[in-house]
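Given the structure of chain A, go ahead and fit chain B onto it with the hints provided.
Protein chains: 2
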Amino acid sequence: MKLIKGGVTSPKGFKANGFWAGVKKSGKPDLGLVYSETICTSAAVFTRSSVKAAPIIVCQENISDGKTQALIANSGNANCFTGEYGLMYARKMTELVADQCGIKASNVLVMSTGIIGRPFPYEKFKEAVPKLVSGLSQAKGASFAKAIMTTDLKDKQVAVRIEIDGKIITIGGCAKGSGMIEPNMATMLACVTTDAVISSAMLKQALLEAVEVSFNSITVDGCMSTNDMLSVMANGMAGNKNITAKNSSYKAFVEALTAVCVKLARDIVFDGEGAERFFEIRLTGAESNQQAKEVAMKIANSNLVKTADYTDNPNWGRVAAAIGACGTKATETTIKISFSVKRNNIFINADIGLGTGSATVYTCDLTRAYVDINGKYN
Amino acid sequence: MKLIKGGVTSPKGFKANGFWAGVKKSGKPDLGLVYSETICTSAAVFTRSSVKAAPIIVCQENISDGKTQALIANSGNANCFTGEYGLMYARKMTELVADQCGIKASNVLVMSTGIIGRPFPYEKFKEAVPKLVSGLSQAKGASFAKAIMTTDLKDKQVAVRIEIDGKIITIGGCAKGSGMIEPNMATMLACVTTDAVISSAMLKQALLEAVEVSFNSITVDGCMSTNDMLSVMANGMAGNKNITAKNSSYKAFVEALTAVCVKLARDIVFDGEGAERFFEIRLTGAESNQQAKEVAMKIANSNLVKTADYTDNPNWGRVAAAIGACGTKATETTIKISFSVKRNNIFINADIGLGTGSATVYTCDLTRAYVDINGKYN
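Chains A and B are the protein sequences, given in the same order.
Using our numbering, the letters of the first sequence map in sequence onto residues 10 to 387.
Using our numbering, the letters of the second sequence map in sequence onto residues 10 to 387.
Please note that the accuracy of each hint is not assured.
To spell it out: a stretch of chain B is covered by chain A in this simulated footprint if at least three of its residues, at any positions, have a beta carbon under 8 Å from a beta carbon of chain A; those stretches are [to be verified]:
{"no.": "1", "region": "89-96"}
{"no.": "2", "region": "322-329"}
{"no.": "3", "region": "366-377"}
So, partial list: chain A residues that the calculated Cβ filter (under 8 Å) puts toward chain B [said to hold, decoys possible]:
{"no.": "4", "residue": "L313"}
{"no.": "5", "residue": "L375"}
{"no.": "6", "residue": "R377"}
{"no.": "7", "residue": "N383"}
Below, computed lysine to aspartate or glutamate pairings styled on DMTMM-like, alpha-carbon distance capped at 20 Å [stated by the list, open to error]:
{"no.": "8", "chain 1": "A", "residue 1": "K345", "chain 2": "B", "residue 2": "E93"}
{"no.": "9", "chain 1": "B", "residue 1": "K338", "chain 2": "A", "residue 2": "E93"}
{"no.": "10", "chain 1": "A", "residue 1": "K338", "chain 2": "B", "residue 2": "E93"}
Simulated from the structure, these hints should not be mistaken for lab results.
Backbone N, C-alpha and C fix where the C-beta goes; we use that ideal spot for every residue, glycine too.
Next comes chain A alone, as it looks inside the complex:
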């Protein structure tokens, strides 16, 4: 597997675009589109929140046949808690793209991120869609990545290349994160593309495997969003033999897809709101992998762990207290904790001495800047 410079337009046959459609007061990009020349086998994972944003509901309908060809995304407005109008506008966003591209609206996905509960500025986006479609190009993957940013400081893009059956397969992706990032969700917004030939069932399975150790293993503030979504689109233009079973080709694909997802998920944590330090928490000795992840996430979401000073004599009592609060059988006599610190990277190793389950999760620190950013963002 080779890491290459690029993003969602690195795989064959993908184009993108993104610019300011007039919604964000800052004048920063707020509308983007990813388009495939041919119809794609697709899969997606969504927020587990019971309060789902309108675009989530529309995407769940449109992804049900496993086929998509385009994805439109906006920042500056979450289109959540916006009632029937919000749902109507989310559908209209897919229709606008379908009309301009000459494809079916049911093959278009829509993502939104921004403030909850504000009327969706549909008219501004509507005016911008013709220009968005006419300006699509292979060179504009980064424009799309920037269009989905909110309080993110950096765009998050990645692309990798693998060889399957003598064919070069590329997987590209981008994501936005920052705040409201918590375990047990899809992610904030992430879009992954590939030119691999893969069946709908295998793509869905590969996505679930990749998400578990990437987007579902990070937390910034323990706050689950109403808009989280990750989609993957496979247009088959690489021409490899169709991946229809869990064979060696599938394994190579999952490994590459996982690498893409882990890179994007780690980028989200590194760019967490106000983050200055990055934590990697390795939890071992649990009764199961699931228990390991629950305990690791409890440590990662402890405000006391996230604010502690690790430069001298790390306060491991706070890690022990977080473990104790998980309802496991771990006690003082079963728990072992160690730290290593390299500049702004803090590695916490905790063994709870109950079994062989393990998990690794990623988080960032809680800083004055997080408090400032979230006091002002409205």
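Below, chain B without anything else, positioned relative to chain A:
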């Protein structure tokens, strides 16, 4: 019920003391004692953490017969994760008091609060105990309240008076809080005294009722401690008819005990680490009271809710997102949210439209000062 000035020594027959025994570098009080002239019917609730501090283990043994006569408490060291020595020293603390007071060690409780995992400075406390006992007086309730403080800015004391069977009954209490304050625990440290005559079974029941709506309804940072404990000692010197059933006397006692616990719990939140604003979150329309409390606590523990600006156009989307993350059936169409803001007091009313369950919880905001305090505390 009448609120009076006072604390743990307001009920008849209780004395206290507290001073600096040389453990805290700051020179602030770090050792305290509460003593009853006669043996007390007692009950206590403890942290639900699987990592229990040594004093918790000793208290669970000593309270098992429902009788106590004294309570020694220290700050500056949690005596947690301190191994067999820690446990031995926790027992020795009770023995020192027993020897000096001429009572049984099994009738002495011991509480500790401070940093986890540091060797317990037993020798310093040992030297101080004779002076601690000889200086006991009815006037020194506040000295005890100050001796259990860590990062608390203010001591937390309360006393109330009620009349049962024509007898005046007093309940007094004090607590310490600040950080590592989370739902589903006893509290940090709290000591409640009363001169009521009440059976062991009824006292335990009354304590559970009072704790549910007070200490178990507050959160500062969602971090459960290893040392949380609340004890109540009833020495019977008020001379009322023994409360042995859930009659009108019991109800009057529970009401007064609840008032004491709510006052102390709210004081803990008001004095939360770095707190500048106080939140009262009223959750209605849940399927059960338990569900209401879970959802209210999720809102109260959301860093996004706790950092938001409520002065203009409150960001209710963050409350909606927190509700959505709870795994209930609440959706955009069932949820109603309203705010009222009076100076630094923010009232959040959320109805999730599923049933008749309700709960009220209390929290404080998350500030730069919280980050600073917990970066430095070690």
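Results for each hint:
As drawn, the region 89-96 of chain B meets chain A at 3 residues by the rule of a beta-carbon pair under 8 Å; at three or more, the given contact holds. A stretch counts as covered by a chain when three or more of its residues have a beta carbon under 8 Å from one of that chain; for the region 322-329 of chain B and chain A the count is 6, and the coverage holds. Counting residues of the region 366-377 of chain B whose beta carbon lies closer than 8 Å to any beta carbon of chain A gives 3, which meets the minimum of three for the stated coverage. For the restraint placing A:L313 at the interface with chain B, the shortest Cβ-Cβ distance is roughly 5 Å, inside the 8 Å limit, so the hint holds.
Against a cut-off of 8 Å between C-beta atoms, the interface hint on A:L375 holds, since the closest Cβ of chain B lies about 6 Å away. Interface hint status for A:R377: upheld, as the beta-carbon distance to the closest one in chain B is roughly 4 Å, under 8 Å. Checking A:N383 against chain B by beta carbon gives a least distance of about 4 Å; that is within 8 Å, so the hint holds. Restraint check: the Cα-Cα separation between A:K345 and B:E93 comes to about 16 Å, which is no more than 20 Å; the hinted pair holds.
Of the supplied pair hints, the one linking B:K338 and A:E93 holds, its CA atoms being roughly 19 Å apart against a limit of 20 Å. Between A:K338 and B:E93 the alpha-carbon distance is near 19 Å, which keeps this suggested pair within the 20 Å criterion.
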